[in-house]
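If you read the sequences in order, they're chains A and B. Per this note's numbering, residue 1 is the first one in the first sequence, and the count goes up by one each step. Per this note's numbering, residue 286 is the first one in the second sequence, and the count goes up by one each step.
Rather than coming from a laboratory, the hints here were simulated on the basis of the structure. Among the hints, a few may not be true.
Short, incomplete list of chain B residues facing chain A, as computed with Cβ under 7 Å [stated by the list, open to error]:
1) Pro300
2) Val415
3) Asn537
4) Ile553
5) Ile554
Note that this is a predicted model, so its numbers are computed, not measured. We put the beta carbon where it would ideally sit given N, CA and C, even for glycine.
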Amino acid sequence: MIRSLPKSKGYDTGFLIYVIIFYIFLFAPLIVTSVLAFNNSDFPSLPWNGFSLDWFLSDTDTRVGLIHDSTNLQSIWVSIQTAFFVSIFSLIMGTFGAFLFEQENFKFKQGLYFLALTPLVIPGVILGISLLLSTNSAGTFFDDKFGWDIGILAPSFWLVVVGQFSFISTFVLLVVSARLKKFDNTLEEAAQNLGANRFETIRYIILPHLKPALIGAGAVAFMMSFENFNTTLFLVGSETTLPINLYLQVRDGSTPIINAIAFLLIVVTSTLAVLNLIFTKKETE
Amino acid sequence: MNRHIKLGFFIFFVPVILWLFLLIVLPQIDLLLMSLKFENDAGKMVWSFANYSSFFTQKVYWLTFARTAIYAIIVTFLTFVVTFPMAFYITKVVNPKYKGFLTILILMPFWVSELVRVYGWMILLRESGVINYFLLKLGITHQPIEMLYNDASMIMGLVYTSMLFMLVPILSSLDGMDDSYIEAAHDLGASKFIIFMKIVIPYAAPGIVSGSIVVFMLTLGDYLTPNLMGGKNSLWFTEQIYNQFIESFNWNQGAAFGFLLLLISSLIIWIGLKISKQNLAKALS
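All chains should be built: construct the whole structure from the sequences, respecting the hints.
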């Protein structure tokens, strides 16, 4: 039943069949979506009418390919910007948090650490609505009291960034903390004996040690932000992100342009995923 | 020197406190306060439990709630059943040469956005979908069958979406298991079933619990999969929240629903952690 024990044919074959079915189940939706992006048809379905790049390139009345579809291109650009800012901000906050919880001692540290982990267990929908409520109350308050109209407090690009940042920071915190735990404290002591102050130690000794974790966490933070739907749904303003935009199109009936976008997403994310895995594997070896 | 350390501490402490209080604690408090306000007949906002009592008195609300919780438990259990053999196969059965490759292959689809994965299932399962095309072609059916928009397809979609979060913790706990436990049990004459029930599953229990907590929470808070794959007549609780917020514009009622969702998910996570004697930090890492 395991490698070192005598084999039984029925058990091995049964297991192999299960594994094959599992992988088919896993990849079927992605492969079908990708293949149908190249079908010469007005609908994302079979029969196969031959290979075509229409849904990427064409610009006719009936078929508008991706590179001419300004709404979708715009939402891709919004998502890239969102993910960029979210990953930068949450990398900074997550690293601050990791330093705070790994290297400092203070009262209520355990309680605060617990609080810092909660964003990952609060459902994304709740994070979205509670932030929407509280920013709305704050916006009304500032408007009534001082007559200030603060744009960030209404659903907008920056509110989406803030909402995603609020839980992606926790993710970064966990990854960076794990790496910081492996840091050999004698290195820090040595640096300080040689006259380095706390900030020089962090800059020249600890940050280089954290680099692989920071790159890995940054990449995952970017992807988490890029594909976030639940929290974004409630905070989005006029600048819709790609998942929201795709959702609206899927809900109202689909054209193969969604397949074209999905195909590009699959290719880009799996390349990034493989690169990330290879990179982290090299670092740990 | 001492003042330097103090300054360093506050540089980390202040941003983290601001993040947690402004973006996590304050919004949740606001959610609770909002849910306790109710517009009376005179059009004035008063403190009241009316939003909660309408949850208990209107059957459609609590039925949706109960249904969502029960389905989330079913999904969690099915996800375990489907992924456990895969985790066992990868860590214990397959030739170690293929272990890395199979792991990367199994993780890859989950980097792709949930929306793309759900969309893939939609074009496979729907009436004009790929599966129906082949069924008709092969003469197995003469009429296309609508396989989408029912509870079975929704559960399958949710299992598919959450598999990763069950797989990763089980993989890592089985990876640390010494094969000699299984060999010893085998030599002493235990059957395969007994070995699984008495040796393998108890050993993997911490991983199973972490996985179950995350899967349950994500399923409960999911919006996309139930919305796009579920039946039109049966709502998921997050859809109920969305309707109150976006369609009825009754934020107070929506806040009450949101708070109930937050309560049940925290409760279940807490029970899970108590049963398995783990803490949140360990379960998340």
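(message) Restraint: Ile554/B near chain A, CB-CB cut 7 Å. Satisfied or not?
(response) holds, 6 Å
(request) Under 7 Å, Cβ to Cβ, is where Asn537/B needs to be relative to chain A, so tell me if that hint holds or is violated. (result) Since chain A brings no Cβ nearer than about 10 Å to Asn537/B, farther than 7 Å, the hint is violated.
(request) Mind checking the CB of Pro300/B against every CB in chain A and telling me if the closest is under 7 Å? (result) holds, 5 Å
(message) Restraint: Ile553/B near chain A, CB-CB cut 7 Å. Satisfied or not?
(response) The hint is violated - Ile553/B has no Cβ within 7 Å of chain A, the shortest such distance being about 10 Å.
(message) For the restraint on Val415/B, tell me whether the closest CB of chain A is nearer than 7 Å.
(response) holds, 5 Å
Hint compliance for this structure: hints 3, 4 are not met, and every other hint is.
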